[in-house]
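Place chains L, U, W, Y, D, B and V on chain H using the hints.
8 protein chains.
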Amino acid sequence: MQIPENSKIVLIGDSITDAGRDPSGESTPWGAPGFGNGYVALINACLQVWHPERRYRVINRGTSGHNVRDLAARWQTDVLDLKPDWLSIAIGVNDVWRQFDIPLRPENAVFPEEYESTYRSLLEKTRPHVKGLVLATPFFIEPNHSDPMRIRMDEYGAIVRKLANQYDAVLVDMQAAFDRLCEHTHPMAIAWDRIHPGHVGHLALARAWLEALGFTWR
Amino acid sequence: MQIPENSKIVLIGDSITDAGRDPSGESTPWGAPGFGNGYVALINACLQVWHPERRYRVINRGTSGHNVRDLAARWQTDVLDLKPDWLSIAIGVNDVWRQFDIPLRPENAVFPEEYESTYRSLLEKTRPHVKGLVLATPFFIEPNHSDPMRIRMDEYGAIVRKLANQYDAVLVDMQAAFDRLCEHTHPMAIAWDRIHPGHVGHLALARAWLEALGFTWR
Amino acid sequence: MQIPENSKIVLIGDSITDAGRDPSGESTPWGAPGFGNGYVALINACLQVWHPERRYRVINRGTSGHNVRDLAARWQTDVLDLKPDWLSIAIGVNDVWRQFDIPLRPENAVFPEEYESTYRSLLEKTRPHVKGLVLATPFFIEPNHSDPMRIRMDEYGAIVRKLANQYDAVLVDMQAAFDRLCEHTHPMAIAWDRIHPGHVGHLALARAWLEALGFTWR
Amino acid sequence: MQIPENSKIVLIGDSITDAGRDPSGESTPWGAPGFGNGYVALINACLQVWHPERRYRVINRGTSGHNVRDLAARWQTDVLDLKPDWLSIAIGVNDVWRQFDIPLRPENAVFPEEYESTYRSLLEKTRPHVKGLVLATPFFIEPNHSDPMRIRMDEYGAIVRKLANQYDAVLVDMQAAFDRLCEHTHPMAIAWDRIHPGHVGHLALARAWLEALGFTWR
Amino acid sequence: MQIPENSKIVLIGDSITDAGRDPSGESTPWGAPGFGNGYVALINACLQVWHPERRYRVINRGTSGHNVRDLAARWQTDVLDLKPDWLSIAIGVNDVWRQFDIPLRPENAVFPEEYESTYRSLLEKTRPHVKGLVLATPFFIEPNHSDPMRIRMDEYGAIVRKLANQYDAVLVDMQAAFDRLCEHTHPMAIAWDRIHPGHVGHLALARAWLEALGFTWR
Amino acid sequence: MQIPENSKIVLIGDSITDAGRDPSGESTPWGAPGFGNGYVALINACLQVWHPERRYRVINRGTSGHNVRDLAARWQTDVLDLKPDWLSIAIGVNDVWRQFDIPLRPENAVFPEEYESTYRSLLEKTRPHVKGLVLATPFFIEPNHSDPMRIRMDEYGAIVRKLANQYDAVLVDMQAAFDRLCEHTHPMAIAWDRIHPGHVGHLALARAWLEALGFTWR
Amino acid sequence: MQIPENSKIVLIGDSITDAGRDPSGESTPWGAPGFGNGYVALINACLQVWHPERRYRVINRGTSGHNVRDLAARWQTDVLDLKPDWLSIAIGVNDVWRQFDIPLRPENAVFPEEYESTYRSLLEKTRPHVKGLVLATPFFIEPNHSDPMRIRMDEYGAIVRKLANQYDAVLVDMQAAFDRLCEHTHPMAIAWDRIHPGHVGHLALARAWLEALGFTWR
Amino acid sequence: MQIPENSKIVLIGDSITDAGRDPSGESTPWGAPGFGNGYVALINACLQVWHPERRYRVINRGTSGHNVRDLAARWQTDVLDLKPDWLSIAIGVNDVWRQFDIPLRPENAVFPEEYESTYRSLLEKTRPHVKGLVLATPFFIEPNHSDPMRIRMDEYGAIVRKLANQYDAVLVDMQAAFDRLCEHTHPMAIAWDRIHPGHVGHLALARAWLEALGFTWR
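Protein chains in written order, with full-length UniProt numbering: chain H, 1 to 218; chain L, 1 to 218; chain U, 1 to 218; chain W, 1 to 218; chain Y, 1 to 218; chain D, 1 to 218; chain B, 1 to 218; chain V, 1 to 218.
Only chain H is shown next, with the shape it has when bound in the complex (with noise of 0.2 Å):
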């Protein structure tokens, strides 16, 4: 496992960050969901199950319905004030999906130029203050590569590839993930939308974030 024992890490997206979690507090032994019901609140266990005496601290920071641009909006308060030893950022769906679902309004949507220079100024200005930086991909659970919502997905997953190439990121190919679980399953056995996941497919990301981070099983 490639992060240190006492890290904070945290995390921040958009609704499959968030998961449900309750914003006004991080979770306790005693439930208050401050960790959501996702992938975030997946890794943690894991970390605290197979490594307690690490004593990783995982904070969750997605809010639901967010794109880039209201990343950066949030991003002093929710990432830099926190001082985080790692940052993991899971960003672009919505950017993506408000473009196909309310194409009337694009005023809703961020288009591939202004997410890759947001997404660059976000990771300019937090990189040298972060020891690791994990990128995920977003994704479509859409198997069929020819929608022209998935290719458009794909891109921004490409523009994720990227930065974390020149940004010395971990990355966490999230579309990967899904497609490697619809080789078995057809995506309404996943999400009856194809972007939430139920728990099966909140694992998945888990795994996918915790094998890129050299997580191992025992």
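Treat the hints as calculated values from the structure; they're not laboratory data.
One thing to keep in mind: the hints can contain errors.
[Stated by the list, open to error] Per label pair, the in silico range of CB-to-CB distance:
1. D:Glu113 x W:Glu107: 39 to 47 Å
2. D:Glu155 x B:Arg127: 51 to 59 Å
3. B:Leu80 x Y:Lys83: 30 to 38 Å
4. B:Arg127 x U:Thr77: 51 to 59 Å
Don't be surprised by glycine CBs; every beta carbon is placed ideally from N, CA and C.
Chains L, U, W, Y, D, B and V in isolation, oriented as in the chain H frame:
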């Protein structure tokens, strides 16, 4: 993994198994929480993520507050009628707990003799009809081995161990899973009441269950 | 318009027909939503606005989640007892969907042979008692014709087309209505789950139904 | 259809326009009811179903209980700031109604002189900035032309007709739409309070609006 | 006042009589609203304030939505079993109303012949057992005497007048009470739906009822 | 009736006046309970039923729990700004009550000297601006004249009587109204707490108020 | 303390005994309020704090609104079936109260003769089966001894005193406990309705009960 | 009893003191739960029942979740502004607990040095202004004296004992009260989380508090 593909796996027990499941139906990808939020949901997710092609069907039949006497009362509909291939039983916590939190009401507790005989009668009529059996020890997240309730819980654990041996069952030592966790963690960080764990404790249970069944993480 | 004045028209089906109707009573001018908020309400409104003097009586008997097996179970009370002049049936979506979103629970799905035989037995006992019959194809708002669930849905549509032919029914091709809409619109803008459309999709269904019945807009 | 493609159409008014819309946002395909459940939603649905390729954007800015004085107070944010291509105004029902249901509180009503001058001032500052303008008459679903409130409502309708003429606007005669419906239908079957119609009455309004704009049903 | 002291007075009817009463019990001084908030509560209050020493017992048995057919169905338990000294009946509004607001569902209305015969059969079996009888006309708060629903309501009022005459009952002309009020007040200020009055209209009914019974205000 | 037509009548006081009114607005015919459910609503209803042509406008400004000190704090907005023609004040119950139910918290009560001086200062600044003034005595529905709280309440009643005399006001003796009612009725049948009457007690208050103002019942 | 250790003590009565208990189960340490919030909970707490080693089991069977007739109807299940060692009865408040707060409904009250005979029949069939019996007088927190309801309540208290004497029961004079409290406190500070005390009044009852049974505070 | 009559007694602390109090006001006889449901309410009730003539005024200022740092932040408004005659402080449970249940978030705990210095500074500025002071030890209902959290809690108890000595305060040893109770009772029967006791545990605290102050039960 000992359980062959296409198996129907029923897990029965008390609130630890139940974990807030919606009794009105099995879980679906779109979120009806038939799996609950505990170790059963985590076992299912691990099976679907690591082995989607094996098509395991997991069914939660835990009910909060139940003891072995309550299990016997719903055994026909909740176990035999479902015709499981594999059956997992985790019962005993409430049988013991009621002896300590409401000692003036002995009719709410199940004492060792009745516990063993009722448990045995359930196994007698069920073992021939299932391909595999899993018995989990009850537990008390109390590192003080001389606590009277811990002593009593260990007695019940010994009964389960004996029955597992006699009825050719895989034993899942849930108490041991928590004892290991308590080496690095105070019980207060696992479960305020030392009985109902949060997400971390449930993953420890799921891990113990899976590894007892020979599950490998790759 | 093929349907003569003073006709009682019953529309039965699943959640598409139901559309949130209040099953406790028929709709009234003051808002008890017995019509639901879907294509049935729109058909009724068009009939009352364009032809108020014809006094058509529209009755919604859709029920969310139902497949053809569920329809058979309530056929006596929800169809025969109402003595409709015209009957419209729209069923099959759930029969197919369950094969893909919960594939491990085949008992929840209805496979083609049972679908056709059950559907046929309902038509056998009903056709002599109604003046007119309307059969609507099930649909999947999926423009990728090689998607396994779309392929399967088209099979059920073919069964409905055959039955409409054999039982002298007006066919409403709901799948075709959505295919036309998808020429200009991504499925995400019609229905997040590709099954339950919003107001726009329901008006497309109502239009298809009315025009199949020979309704003219002036 | 007079309105060219890619137009942004804002409809402002009182509860008839509002129709229960969620003011927190525009409508989406997945149901946030920004369109409300009235004639605006129906106009939008007709535009999207008959002419999906024209990409009309419809925005509802009705607010329950409002009179022309209330409209003036929110004109900047709810009309001018939105920079509509076409603007549709339907106001006057409450201006009149309050004169009859709470006659002891004249400060809640808007009398004809103020109604016309306020309305005119809104048109003065807005007409140069919009490509097209639609003015709808207020209405009272009361077939008795000698009823005092009907007489008064007709006065306001005449003011709207005059203004439509002076400001080059399309007139939608909502009162006439209901008068036609009342030829075959008692007001009790349209709206218990003779003001707020159900689904049928709203479709009559949508039809009147669309046909005034030259919409053809093909 | 015609009614002697210590009388038990039962008032039965529809929503006008019901007026939101809590059917689970009679009213008490501490507020369980068994009297409802309408004319029955006001009659009771007048009797208790002006004549506390006479100890009249008032019982409300109105039920919203009921017509004379519904009254017949609950006559035994709600009238005969209570053994009233005096009985007051106010029924007919819904019998008529349903002919106009849901004309396509004639089974929900009660037409004149059935209205009179059902009403008569109730009086036949009840008159011998009560000391006094009060019959109230149904009403429609519609000053336009040529409105079709007003014409129909007056027919029913005439039936009640005839029955009152034949069965030695005190007639309360509720329609006349509202006609008087409408001389100075538009119906909109009495009841938005012209059926369910507010506090003022209910006091007009209570006054008409009391004065018909010879109540004097000092 | 002393009050001339077209008068605006404001009634201010504590919970007896308030009676559950909705402070967000005046009452309307369609039920927004701005009048509350007490003597104010009954006074208004009597005025509208007996004298609809006089167009009295009644405004309730009672607030639960208030004493004369609280009235002074909201006097500008709730009395002077409304520019009433006639003003009715009913205050003092809480000023006394708090001396007996929470005697350990004297800061919550208003003792006689402060009561009189505060009351007088309100009258001083208001009397010149109103055409008529009504002062109501506070009351305690306690027939035992030697009860300490009754004795104290009578002291406050005497202060009100003196002020009414000095400021040319109509006195409404609410205490006397209840004393009369108690001749035939135990306090338990009027108000469980001997303060907050039900419908009957409020009508007794309304009658006392109206008759003090010279209202005739015909 | 007269009651020997390991005794099961059942307390039955009306709302004073009930005190908001949750009838679905006995109280537990984690708060299910089976004891209610009144004198029963306080008696239990005193027994557990002063004498934890005596293991008294306290069971609340009070039900709000009940009179002695209601007790008789549930005597078998709520008393005899529980096989109490000691039984405490506190009934009579509602038997009297209904004679004063709803005097027009005598069927809701229980008059002295029926009260005594019903009470006696319960004692007859129960006395032989219990080791100890406690009878509590009903009470009215009314210091005016000439109040008609107080006079009547004292009659019922005398009946209880007589029965306690005849059936070898410990008498708890609840009326005397409140009379003592009223020497320093106005009834308004104990209970607004002079029946349902707050925490202070309930502790006065618990103290009276315990001291009558010979409980010593050290 | 050491506290003289007419004293105002303020009790401040955490959830043990708070016990669900309604912070919007002090308790009243009619039930506004300003006292909460814990030891403060019981202390007050004992004082009012045994010594009603002494007129003690008890004020609860506990707030759930607070540690000594939180107390300091509200000291001015919740203590000094109230000008208590006697002040009772019970703080420290959360200061310790957070070190064990969320050890990864040290900023939520208060360590011994800060605990003592903050506590001392509060006493410094308060002692001269109060006539009497009561300091209660924090506690952990854990009979295992070698449990790490019990050891730590005892350290804090020792600090409180030292401060009580230095500032001339009455010490209430809450830990000792629970240790005594645990001689006969398992912690599970007192408090599931070993922190928040039920009614029995709170009475043990009230008894300890009262007896430390020299209260005699007569």
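- Item | Which numbered hints fail | none
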